[in-house]
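There are 2 protein chains.
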Amino acid sequence: MILEAVFLQVKQGMEDEYEETFREASKIISSMAGYVTHGLQRCLEVEGKYLLLVTWERLEDHTVGFRESTEYQEWKKLLHHYYDPFPIVEHFKKVRL
Amino acid sequence: MILEAVFLQVKQGMEDEYEETFREASKIISSMAGYVTHGLQRCLEVEGKYLLLVTWERLEDHTVGFRESTEYQEWKKLLHHYYDPFPIVEHFKKVRL
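Order-wise, the sequence lines are chains A and B. Position 63 of the first sequence, counted from 1, bears residue number 857 in the working numbering, the numbering being contiguous throughout. Position 27 of the second sequence, counted from 1, bears residue number 821 in the working numbering, the numbering being contiguous throughout.
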């Protein structure tokens, strides 16, 4: 299992509209092969800052399966114009504790 | 429920020792009032980068209960010297999707 994690900065004053749009976009990502779960978290200290966490079965389910899909084009169209700066997505593997 | 989230940059070459020490330190945070769960994730793209996620019942369980405790002094002593730069911790609230 791989965790996709990214801090997102949404343009000022667009937070409510973004969250509403994200709800719509959630249906897209949830339908993808290898998708496990996702959640969006809103920062308490920094206005417009969010943390997106998506769990995938394998890295390629995100980097290839999702990003090279037609569904990703729709996801992008819905969400990318809210972000400034454009976010850098990274992937993480759980450390055994 | 509040999510504490922070990207951590561990000094070069100290990753294995850090993970071992973090396992030890996990006992400290897990014993605190208001602690729900925590996990440490290692970045696939950036060497020495980690994501720490801790769920607390209330914001104050972390910012007051933990940070003003004697247990936090021990946590600090075990872990803080591994980080460069010193991380900025933020808190997040789940967006209803």
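Everything labelled a hint here was simulated from the structure, so no lab data went into it. Take the hints with a grain of salt, since some may be wrong.
Part of the chain B face toward chain A, derived, beta carbon under 10 Å [what the hints assert, rightly or not]:
| no. | residue |
| --- | --- |
| 1 | 805 |
| 2 | 839 |
| 3 | 847 |
Here are the computed distance ranges between Cβ atoms for each label pair [what the hints assert, rightly or not]:
| no. | chain 1 | residue 1 | chain 2 | residue 2 | range |
| --- | --- | --- | --- | --- | --- |
| 4 | A | 868 | B | 879 | 33 to 41 Å |
| 5 | A | 832 | B | 839 | 40 to 48 Å |
| 6 | A | 839 | B | 808 | 42 to 50 Å |
| 7 | A | 827 | B | 868 | 40 to 48 Å |
| 8 | B | 861 | A | 882 | 24 to 32 Å |
A quick note: this is a predicted structure, and the numbers were derived from the prediction, not measured. Just so it is clear, CB atoms sit at the ideal spot from N, CA and C, and this is done for glycine as well.
Checked hints:
| no. | hint | in the structure |
| --- | --- | --- |
| 1 | 805 | 17 Å, violated |
| 2 | 839 | 5 Å, holds |
| 3 | 847 | 8 Å, holds |
| 4 | A:868 to B:879: 33 to 41 Å | 38 Å, holds |
| 5 | A:832 to B:839: 40 to 48 Å | 19 Å, violated |
| 6 | A:839 to B:808: 42 to 50 Å | 28 Å, violated |
| 7 | A:827 to B:868: 40 to 48 Å | 45 Å, holds |
| 8 | B:861 to A:882: 24 to 32 Å | 29 Å, holds |
Hints 1, 5 and 6 from the list above are not met by this structure, while the remaining hints are.
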